[in-house]
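For what it's worth, the working numbering labels the leading residue of the sequence shown as 48, then goes sequentially.
Hints in this document: simulated from the structure, not taken from any laboratory.
Bear in mind that the values here come from a model prediction, so they are computed numbers and not experimental data.
Each residue gets a CB set at the ideal place from its N, CA and C atoms; glycine is no exception.
Treat the hints loosely; a few may be bogus.
[Said to hold, decoys possible] In silico DSS-like pairs for lysine-lysine, Cα to Cα no more than 25 Å straight-line:
1. Lys66 with Lys111
2. Lys111 with Lys87
3. Lys87 with Lys66
4. Lys66 with Lys109
5. Lys118 with Lys66
6. Lys109 with Lys87
7. Lys87 with Lys118
[As the list claims (entries may be wrong)] If you anchor each label on the Cβ, the simulated ranges turn out as follows:
8. Arg110 with Gln71: 27 to 33 Å
9. Glu133 with Asp84: 26 to 32 Å
10. Asp88 with Gln51: 14 to 20 Å
11. Glu133 with Asp88: 17 to 23 Å
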Amino acid sequence: MADQELAQVRSAFVDRVSKVLINQLLDDLLQDGILNDGEKDSILEENVSRADKARSLIDTVKRKGDVASRKMLAHLQIRDPILYAELGRA
Numbered sequence: 048m049a050d051q052e053l054a055q056v057r058s059a060f061v062d063r064v065s066k067v068l069i070n071q072l073l074d075d076l077l078q079d080g081i082l083n084d085g086e087k088d089s090i091l092e093e094n095v096s097r098a099d100k101a102r103s104l105i106d107t108v109k110r111k112g113d114v115a116s117r118k119m120l121a122h123l124q125i126r127d128p129i130l131y132a133e134l135g136r137a
């Protein structure tokens, strides 16, 4: 299941993801209806560091289940294929 895949790559994702990519993923997931405006704003405003934003993003999506997790992984693959491959998803 994709939510378990997200759990497995969480640490590496947090270490490697950029602030720009976090914002792109948030926009993608908002457009897909996976996240709502409040969730997006919460991730951005309640977390000061890039790493905390990344943790909050991955944990929020993971809690939403397999479909949401698959969509996030698909967006990650499109937005940053190198990071996706480094996370062992290629």
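| query | Straight-line Cα separation of lysine 87 and lysine 66 no greater than 25 Å? | reply | Judged against 25 Å, a Cα distance of about 14 Å means the pair holds.
| message | So if I understand the rule, the pair passes when the alpha-carbon distance is 25 Å or less; does lysine 66 with lysine 109 pass? | response | Holds: lysine 66 and lysine 109 sit about 19 Å apart, inside 25 Å.
| query | Is the distance from the Cβ of aspartate 88 to the Cβ of glutamine 51 consistent with 14 to 20 Å? | reply | For aspartate 88 and glutamine 51 the Cβ distance comes to about 28 Å; the hint is violated.
| message | The hint says 26 to 32 Å between glutamate 133 and aspartate 84; measuring C-beta to C-beta, is that right? | response | holds (31 Å)
| For the pair supplied as a hint, lysine 87 and lysine 118, is the alpha-carbon distance within the 25 Å limit? | OK: lysine 87 and lysine 118 at ~16 Å, within 25 Å.
| field | 25 Å Cα cutoff - pair lysine 118, lysine 66 | value | holds (19 Å)
| query | For the pair supplied as a hint, lysine 66 and lysine 111, is the alpha-carbon distance within the 25 Å limit? | reply | holds (22 Å)
| message | Hint check: lysine 109 vs lysine 87, CA-CA at most 25 Å. Holds or violated? | response | Distance of about 14 Å is within 25 Å: holds.
| query | Keeping to a limit of 25 Å between CA atoms, is the pair of lysine 111 and lysine 87 held or broken? | reply | Within the cut-off at roughly 14 Å; holds.
| Honestly, do glutamate 133 and aspartate 88 meet the 17 to 23 Å range at C-beta? | violated (29 Å)
| Cβ-Cβ distance between arginine 110 and glutamine 71: within 27 to 33 Å? | violated (21 Å)
Taken one by one, the earlier hints fail for this structure at numbers 8, 10 and 11, listed in ascending order.
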